[in-house]
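S.K.: Chain order of the listed sequences is A and B.
The opening position of the first sequence corresponds to residue 1 in the numbering used here, with each subsequent residue numbered one higher.
The opening position of the second sequence corresponds to residue 1 in the numbering used here, with each subsequent residue numbered one higher.
Calculated from the structure, these hints are not laboratory results.
As the structure is a computational prediction, the values presented were derived from the model and not from experiment.
The beta-carbon is built from N, C-alpha and C at its ideal position, and this holds for glycine as well.
Watch out, some of these pointers could steer you wrong.
[To be verified] What follows is a list of derived Cβ distance ranges for each label pair: (1) G180/B x F134/A: 16 to 24 Å; (2) R94/A x G172/B: 52 to 60 Å; (3) F184/B x S12/A: 33 to 41 Å; (4) R94/A x I239/B: 48 to 56 Å.
[To be verified] A short list of chain A residues far from chain B (calculated; beta carbon distances all over 12 Å): (5) T13; (6) G38; (7) S72; (8) R94; (9) T95; (10) A120; (11) Q137; (12) G140; (13) R206; (14) D211.
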Amino acid sequence: MIRLENVTKSYSTEVVALRDASFDVAKAEFVFLVGPSGSGKSTLLRMMNRQERPEKGSVWVAGRNINEMSDSKVPHLRRNIGNIFPDYKLLPNRTVHENVAFALEVIGRPKHVIRQQVPAVLDLVGLSGKQERFPHQLSGGEQQRVSIARAFVNRPLILLADEPTGNLDPATGEGIMRLLDRINKTGTTVVMATHDQRIVNMMRKRVIQLDRGIIVRDQARGVYE
Amino acid sequence: MISRLRYTMREMWASLTRNLTLTVAAVITSMVSLFLFGMTLLIQQAFDNQLSQWTGGVKMIVYVKNGAPDDAVSTIQEALESRPEIIKNVEYCSIDCSLSQAKKLFAADPESLKFLSAENIPSYFSVEPVDKQSIEQLLSIRQSFVALPGVLRADFPSDQITVLGKLKSFFGVRTYVMSGVLLFASVLLIWNTIRTAMFARRREIEVMKLVGATNWFIRLPFMLEGLLQGLAGAALGSILLLLGNADWTAGVRKFPSTAGLGGFVVTDGYPIRVVIFMILLGAFVGAVGSATAASRFLDV
């Protein structure tokens with residue numbers, strides 16, 4: 001589903017975010033990217049949805065080299081990739097339902113599809129009774145569930161999660177992980193960057209560890225270390 | 001398609017009302033600049049009308065010295081009538097006729113009138129040129145008439161025509177420059193309004209880009225917002241121009257027709273053509289301002 005071949009990216013002559021990174025992620029796989037701050041986890045995620053481009057190497061998503069993709073095709077690529085952020089990136093002036101519907105609306109999905117898919121995905125994330133609430137009326141965990149619902153409402157092939165439990169307490173974080181695991185079991189590939197040792201050790205999924213832009217470990221059913 | 005259209009319209013309206021102060025400022029600037037531009041076109045047309053009217057009815061006046069003998073008057077008349085290729089008509093106004101004219105002209109100024117009498121007022125020939133082209137030729141041979149015995153002087157209203165021409169050029173250049181500067185200010189203001197609107201919605205734009213909205217889908221509401229601002233400015237400016245023109249027309253028509261100001265009234269559909277042009281220009285100004293901002297600031 002995702003392939004990185006010898007990817008190198010630097011932000012200046014001194015800051016090298018990624019150095020010669022290569023790995024494959026299969027369909028429906030769950031992969032943790034771990035490592036200290038500045039190790040290149042977020043840069044890797046940003047390359048997978050073409051927010052950034054590598055200086056060297058290539059990034060393949062669903063069989064296509066996305067570095068060579070024209071800018072006009074990037075929106076269509078992103079419709080197959082859901083994004084989850086540590087700060088949720090919800091729109092404060094829109095309700096839960098509107099935030100999720102927004103993701104379908106802006107890619108031109110018809111109203112009857114929105115009416116059908118939004119309640120279904122809110123039910124999946126456990127927010128069916130809170131559709132009309134605004135983000136500030138929700139807890140952090142609930143806000144992250146809205147963010148996951150928005151990322152998943154279009155049934156993407158891939159879910160990229162950047163520190164989704166970073167701002168949550170351990171119990172809420174576990175709930176979010178159970179949700180991501182359920183989504184993964186529907187066949188969606190999940191790539192998640194995290195610092196959360198407890199969660200990585202609990203899930204026992206594939207772990208790719210980065211250190212100053214270099215992949216230092218790629219372990220199936222791994223732990224944080 | 002319908003859902004996209006509905007979304008675009010809803011977002012455009014939301015953005016317009018969210019930045020109300022900036023929107024109003026942009027619309028007012030567009031209105032003033034387009035009004036000034038339209039007014040310039042009308043003023044130019046008014047000057048053209050007036051110049052055409054004045055040059056159309058222009059006459060040379062050859063004044064005869066008071067007390068000039070009758071044969072001198074006859075010689076002058078013969079000299080004038082000997083140039084039918086450039087002179088269409090020659091009319092003699094005797095001393096009595098001159099006095100009668102003076103009484104009409106100075107009806108509101110009896111103090112000046114009392115200094116005029118049969119002893120000091122000159123008689124004159126009113127000389128009508130064949131057409132506008134013959135005015136130039138008449139001007140060039142004016143001195144030959146002045147040299148005739150009994151001629152006091154030969155006057156031509158060309159000086160007034162020159163003044164009017166200069167006034168047209170003076171107003172035209174300055175008002176075109178002013179309206180050009182204001183139109184540029186409108187573009188910048190609309191550009192800034194769109195930039196501010198995009199900055200206010202940077203989080204939304206970021207989410208839209210990440211979930212796969214196309215750049216055109218994101219840009220369109222902002223571009224329509226700018227277009228609408230330009231059009232609203234043009235519409236208000238047009239209303240102002242039509243009202244102003246109606247008021248001006250009514251004002252000018254209060255003058256007697258003998259005042260010769262009729263040319264300053266601009267009608268015959270010309271103001272409507274100006275209004276159509278203003279609306280197109282307003283749309284262009286709005287589109288240019290918003291399109292450049294929407295393209296430039298999409299990466300928020």
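S.K.: Does the no-contact call for R206/A survive, Cβ to all of chain B over 12 Å?
M.R.: holds (25 Å)
S.K.: If we take the beta carbon of R94/A, is the closest beta carbon in chain B still more than 12 Å away?
M.R.: Incorrect as stated: the minimum Cβ-Cβ distance to chain B is 9 Å, not above 12 Å.
S.K.: When you take the CB atoms of R94/A and I239/B, is the distance between them in 48 to 56 Å?
M.R.: Since the Cβ atoms of R94/A and I239/B sit about 38 Å apart, the hinted range of 48 to 56 Å is violated.
S.K.: Is it correct that the beta-carbon of G140/A has no partner in chain B closer than or equal to 12 Å?
M.R.: G140/A is indeed farther than 12 Å from all Cβ atoms of chain B, at 18 Å.
S.K.: Please settle this one: T95/A was flagged as non-interface, so is its CB more than 12 Å from every CB on chain B?
M.R.: Holds, because the least Cβ-Cβ distance between T95/A and chain B comes to about 14 Å, which exceeds 12 Å.
S.K.: Just tell me: holds or violated, for the beta carbon distance of R94/A and G172/B against 52 to 60 Å?
M.R.: The hinted range 52 to 60 Å holds for R94/A and G172/B, with Cβ atoms some 53 Å apart.
S.K.: May I ask you to check that A120/A keeps its beta-carbon over 12 Å from the closest beta-carbon of chain B?
M.R.: It holds; A120/A is separated from chain B by about 17 Å at its closest Cβ, greater than 12 Å.
S.K.: A cut-off of 12 Å on Cβ-Cβ distance, and D211/A was said to be off the interface with chain B. Does that hold?
M.R.: holds (28 Å)
S.K.: Over 12 Å to the closest beta carbon of chain B is the bar; see if T13/A clears it.
M.R.: Non-interface label stands for T13/A: nearest chain B Cβ at 24 Å, farther than 12 Å.
S.K.: Taking C-beta pairs only, is G38/A more than 12 Å away from all of chain B?
M.R.: Correct as stated: the minimum Cβ-Cβ distance to chain B is 22 Å, above 12 Å.
S.K.: With 16 to 24 Å as the target window, see if G180/B and F134/A comply at their CB atoms.
M.R.: violated (48 Å)
S.K.: Classify the label on Q137/A as holds or violated, using whether its beta-carbon is more than 12 Å from each beta-carbon of chain B.
M.R.: Answer for Q137/A: holds, closest chain B Cβ roughly 18 Å.
The structure fails hints 1, 4, 7 and 8 (numbered hints given earlier, in ascending order).
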